[in-house]
Every structure is written in structure tokens, then in C-alpha cells.
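> Sequence:
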Amino acid sequence: SRQYQWTVQGSFRRRTRYDRVVTGQDFARPFRNAPASALVKRALDLLGSRLPRTFECDLLGEEPRFEHPLVAGCQHFRVDTLSAMDECGPDELIGEDETGQIVEDTTLLNDPSIPSDPEGRRKHFAHKSNLERMHFEADRVYTFDFYSNFFSPVRHRLEVTPFFSVDLVPYFNGYPIFMAMVKHKW
Numbered sequence: 230s231r232q233y234q235w236t237v238q239g240s241f242r243r244r245t246r247y248d249r250v251v252t253g254q255d256f257a258r259p260f261r262n263a264p265a266s267a268l269v270k271r272a273l274d275l276l277g278s279r280l281p282r283t284f285e286c287d288l289l290g291e292e293p294r295f296e297h298p299l300v301a302g303c304q305h306f307r308v309d310t311l312s313a314m315d316e317c318g319p320d321e322l323i324g325e326d327e328t329g330q331i332v333e334d335t336t337l338l339n340d341p342s343i344p345s346d347p348e349g350r351r352k353h354f355a356h357k358s359n360l361e362r363m364h365f366e367a368d369r370v371y372t373f374d375f376y377s378n379f380f381s382p383v384r385h386r387l388e389v390t391p392f393f394s395v396d397l398v399p400y401f402n403g404y405p406i407f408m409a410m411v412k413h414k415w
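So in our numbering, the last spot in the sequence shown is 415, and the numbers never skip.
To be clear, the hints were calculated from the coordinates, so they are not data collected in a lab.
One or more hints might be untrue.
Simulated restraints, written as ranges between beta carbons of each label pair [to be verified]:
1. T310 to S266: 43 to 49 Å
2. D320 to L280: 28 to 34 Å
3. N262 to H364: 27 to 33 Å
4. V269 to P344: 15 to 21 Å
5. R271 to Y233: 36 to 42 Å
Derived DMTMM-like pairs: lysine to aspartate or glutamate, alpha-carbon spacing no greater than 20 Å straight-line [said to hold, decoys possible]:
6. K414 to E296
7. K352 to E285
8. K414 to E361
9. K270 to E285
10. K414 to D340
11. K414 to E291
12. K270 to D368
13. K270 to D248
14. K414 to E285
15. K357 to D368
16. K352 to D326
17. K357 to E292
18. K357 to E285
19. K352 to D248
20. K414 to D255
21. K357 to D248
22. K352 to E292
23. K352 to D340
24. K270 to E388
25. K414 to D334
26. K270 to E296
27. K414 to D248
28. K414 to D287
Built from N, CA and C at the ideal position, the CB exists for glycine as well.
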């Protein structure tokens, strides 16, 4: 079941390549009491089918991190004109359906090779070459909708399967458990 959801909507100040905008988490110091590397590898293997192929992870290093390109990992993605912002109220998002879900729409990318369905789009952008040739343009509004079925912010647990979960609080070395980061990758 869906544990949490977040949506980012806005425009870019300048033209930016798709592979340069990532989401995930960076930490400035290592996790404390880190589990054995075999356990970490097993958990990542179990999550493998749910993560984008472009997912990068170093959980046992001096500066742990996990991240992937924003467009490759979001469940729903849409592109709209800047004027679409004028049609929305202050508490509305462009492209919401009547249930509050974001409707996928990539037609303004003007590229027939990009699938119009979310799963196809994620698979398409799992390839680095597809990410590198596309750019976020400053004259468009982009919406990225994410949800997680395996991280529970209420319980502070990674719930990989009904039979395997990990309490994350002991490992985060004083960091808040925060999963909604977007950054420009140089």
C-alpha cells in the first residue's frame, strides 16, 4: 500500500539536461551502527525491481547517498505551458484529476519515442543516453509526482516485504528521516 506521496511542480530557471536533476538523499557523515554489507545488498536486491535502473547508491561510505534522475523515478510526470499556471488556483496543481492524482502528459516534449504511459516513460529514461539528450526548458512547467510503497515515514521503517522491514532511526546518525530531495548534479 502507498506509504507516502509528494509532488513537485514548477519551472526551471535555465535549460537543464534531464540526467543532471536527481532526487534522493545525501548525508555528510556515515550511518552509525550500519548493518552488514550483505544485509544492505540483500535489501537493495529485493527493492531492485521497484527502483529505476539509474538508481545510484552508496549506503556504507563516509558520505552515504542514494539518488536517481528525477524524471526516471517519478510515478507520474507532465509538461505544461507556463500559461497553464494562470488557470490554476493557489491550492491547485496543474494536471490533477478529480481524485487529486497527477495525470501523465508528455505531449509537449514533441518526441514520439517517449512513451505516453508512466511505466513506459520510466523504462525509456532508465537509459542514460535518453536522459542526456533531453532538457528541461525554462518556458515549461514540469510536474513530478512520487509515492513510496516501501518507506513508512510514520514508523520510520523501510518495509521491503511484509516479512522484512528495517527500523531506520538507529542508523541515521542524528539526521532526520527525509526522502524528498531534488538537486542539480554537476
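> Decide, hint by hint, whether the structure agrees.
Now the hints, each set against the structure:
no. : hint                     : in the structure
1   : T310 to S266: 43 to 49 Å : holds (48 Å)
2   : D320 to L280: 28 to 34 Å : holds (32 Å)
3   : N262 to H364: 27 to 33 Å : violated (42 Å)
4   : V269 to P344: 15 to 21 Å : violated (32 Å)
5   : R271 to Y233: 36 to 42 Å : violated (24 Å)
6   : K414 to E296             : holds (10 Å)
7   : K352 to E285             : holds (16 Å)
8   : K414 to E361             : holds (13 Å)
9   : K270 to E285             : holds (13 Å)
10  : K414 to D340             : violated (24 Å)
11  : K414 to E291             : holds (19 Å)
12  : K270 to D368             : violated (42 Å)
13  : K270 to D248             : violated (25 Å)
14  : K414 to E285             : holds (12 Å)
15  : K357 to D368             : violated (24 Å)
16  : K352 to D326             : violated (24 Å)
17  : K357 to E292             : violated (24 Å)
18  : K357 to E285             : holds (12 Å)
19  : K352 to D248             : holds (14 Å)
20  : K414 to D255             : holds (12 Å)
21  : K357 to D248             : holds (7 Å)
22  : K352 to E292             : violated (29 Å)
23  : K352 to D340             : holds (15 Å)
24  : K270 to E388             : holds (15 Å)
25  : K414 to D334             : violated (25 Å)
26  : K270 to E296             : holds (16 Å)
27  : K414 to D248             : holds (8 Å)
28  : K414 to D287             : holds (16 Å)
The earlier numbered hints that this structure contradicts are 3, 4, 5, 10, 12, 13, 15, 16, 17, 22 and 25.
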